[in-house]
Amino acid sequence: MSDILNTLMRDSRVWQGHRQGHTSHPSEPTGYQVLDNQLGGIGWPRGALSECLLDAYGIGELHLLLPLMKTVADRGKTVFWLNPPHTPYAPAMAREGVNLDQVVMVRTDDQGDVLWTLENCLRSPATGLVMAWPGNLATRDIRRLQLAAEAGSNVCVLFRDRQCADQNSPAALRLELEPDHQHNLTVNIIKRRGSWPGQNCSLAMAHRADLSFNEAPRVVEGPWPTSRR
Amino acid sequence: MLWLYLHFPHLLLDHIRRSHEKQQALVVVEGSGHKVLQACPVAQSQGIRSGMRLKTAISLCPQLQIARADQQQETRILEDQARWLYRYAAYIVLVSPDGILAEIGSLQKLYGGLSAVWQTVEQGLNERQLNAWIAIGHTPLAATLIARSGQGECTADSGHIQRTLGQLPLLKAGFDEKACQRLQRLGLDTLGDVLKLPPKELAKRLSPEVVVHIQKIQGSRPDPQTPWQPPHRFRQQADFVQDIEQSQGLLFPLQRMLQELEDDLCWRQQDTDSLLLILQHRHEEPTRLRVRTSGPEHRAEAFLKLIQIRFDQSPLRAPVMAMVLSVQRFIDREAANERDLLGTTQDLNEAWHTLISRLQARLGSDALTQLSPQADHRPERAWSASDISRHSGHKSSDDFASLPRRPLWLLKGPQPITEAPSEWLSGPERISGGWWDGQRVHRDYYIAKLNSGQLAWVFHDARDGWFVHGWFG
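These protein sequence lines map, in sequence, to chains A and B. Counted the way my numbering counts, the first sequence spans residues 881 to 1109. Counted the way my numbering counts, the second sequence spans residues 855 to 1327.
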């Protein structure tokens, strides 16, 4: 086979259905062994876009990224939060051990500025992780971001609405996040580069509110039903 | 002592010409605007000479660009030149309006000979696209006279200098008209003739001022000069003959100004973190652009990129007739102490500063913030956002491990709850405080799971009812 074909095969740029080889893409472990296993031993891809698709905030989506945030910040690289929907609560992050000196919030209203900022952050070697809540993005824009991400070697996670799951996207990794009836987070892999999608796993997220996993939910007799209404 | 004199025959012309990309015929006219004082080579090739009437010049070349001579402006430009010359020579005297005197006797050893000094100065002039006539003399006045006559040569040989001086006609030797007439009546035509006469005879026949002048040329009378000290600030101005309407057109002169700033900063071993760019308009208030970098910087390229972003952000309000770049804040350079063997840390620091400066230039400096915990019991006051700064020290996380469990998302304001939670998980935790500053808070916090599966931080306020204050993200 020619050299070009060999290279394409090795980098798994050509998708081969019958063989699921380990890809040689640079990546960062997610910090959750279960999820790493589902992702074929690798984690968040570096130099590529990842998407997290979810309906509502508060289901453990930040805890999914917390181990990566910690390692990146400890390495002296910067973590950018671009247009987060709520205020990231500094005492909680400090408690989890994230070095807040390396965390930078960026807020901008203009959609053009959002893309520009993302591109610049992704290309810089000072960046370690970019988390963005970009709102509505056209496929063209994601394509542009994917190219910018390839220019650097940073992890970029876009948080998007779950309705976007049906749409086509050039992102290298697409995860669908759902809460289950316990306090766990179910992760469905919609797409991953170089391998079959369709795996899913459940990550224990009860620790995010200090809830012991085995303990039966302790019902607090709130004054809810009686006091006011 | 040995003196070097730089005579700028058409400083204003050079100054304006180098701010323009395209070379067009340009003349400088006197204040009243009737007579041409200086003409650039392009204008000269079309037949325009200095001393010509402006009307004649315009009829020779209809596209002629005209700049008006301005005393103040010339002084300022001369000072700019003294500033760069000060890097090479310590003892500098400004001779308004068009000359700079420098003591170079003490520099020969440093540069390795007189010709090296001469070359350094000539190179400096070339880099700045300036024309100057240079001359060397043993007294300040001798150097001045030779330079103004344009016959300066690179030699310290006193015989040669005396000969050059001797050949100067009386009018070029700095005598006033009355003294000239008097000397010519005596049958003296050149300075050499005057210098040959015995001093006693001269003193008898000529006025004391003329004698002092002659003695100063010869060096038999002290001619003290006040040295000039550069002010500790940077200021560069570009003047345009035609107003510039597009910001793109400002980049070309800006590049040169920033390069000079870089040289200046390198020479001072300093950095800066804020530039002030003033764009002057003909009929409007000047536009003031303050460009900040996130850290100390000296590279012209980095400044230019930031300014470019600012120009992209806001187009020019009105055509620009002049542009001033000034820097007043200087920061001493710190020795890089974090550098490891391969220098990677340093690069990372630099990349960080570059990135943050770029973002701040485009988005505004308040778009970027850093968060930190604050010592307060009230959740909305337990954090603060501050401006970006690079901390290298890593605070130990042990300090924060004792903090109570809090959600990672805090809502910007408590939101009234719309549905009954499906599950109550923990609580209540009472937070009560703020009586000391009037922002009283008295709440019972619970962790609850909503029907949508979200874990919420809910509180009950004794007065207002139930609210969601955070999400356990």
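Calculated from the structure, these hints are not laboratory results. It is possible that some hints are incorrect.
[What the hints assert, rightly or not] Computed footprint of chain A on chain B; a stretch qualifies when at least three of its residues, placed anywhere within it, have a C-beta under 8 Å from a C-beta of chain A: (1) 939-948; (2) 1213-1224.
[What the hints assert, rightly or not] Covered stretches of chain A, going by a simulated chain B footprint (3 or more residues, C-beta under 8 Å): (3) 967-975; (4) 978-989; (5) 1011-1023; (6) 1052-1058; (7) 1076-1090.
[Unchecked claim] Partial chain A-side listing against chain B, Cβ under 7 Å, derived: (8) MET889; (9) ASP891; (10) LEU942; (11) ASP993.
All values derive from a computational prediction rather than experimental measurement. Each residue gets a CB set at the ideal place from its N, CA and C atoms; glycine is no exception.
Each hint tested on the structure:
1. 939-948: Contact hint for the stretch 939-948 of chain B vs chain A: violated, 0 residues under 8 Å.
2. 1213-1224: holds (count 7)
3. 967-975: Satisfied; 9 residues make the cut.
4. 978-989: Coverage by chain B holds for the stretch 978-989 of chain A (9 residues, Cβ < 8 Å).
5. 1011-1023: Coverage by chain B is violated for the stretch 1011-1023 of chain A (0 residues, Cβ < 8 Å).
6. 1052-1058: As far as the stretch 1052-1058 of chain A goes, the hint is violated, because 1 residues have Cβ atoms under 8 Å from chain B.
7. 1076-1090: Satisfied; 3 residues make the cut.
8. MET889: violated, 33 Å
9. ASP891: Violated - the Cβ of ASP891 of chain A stays beyond 7 Å from chain B, reaching only about 27 Å at its closest.
10. LEU942: This hint holds: LEU942 of chain A lies near chain B, its Cβ roughly 4 Å from the closest one there, short of 7 Å.
11. ASP993: This interface hint holds because 6 Å falls under the 7 Å limit.
The structure fails to meet hints 1, 5, 6, 8 and 9 from the earlier list, while all remaining hints are met.
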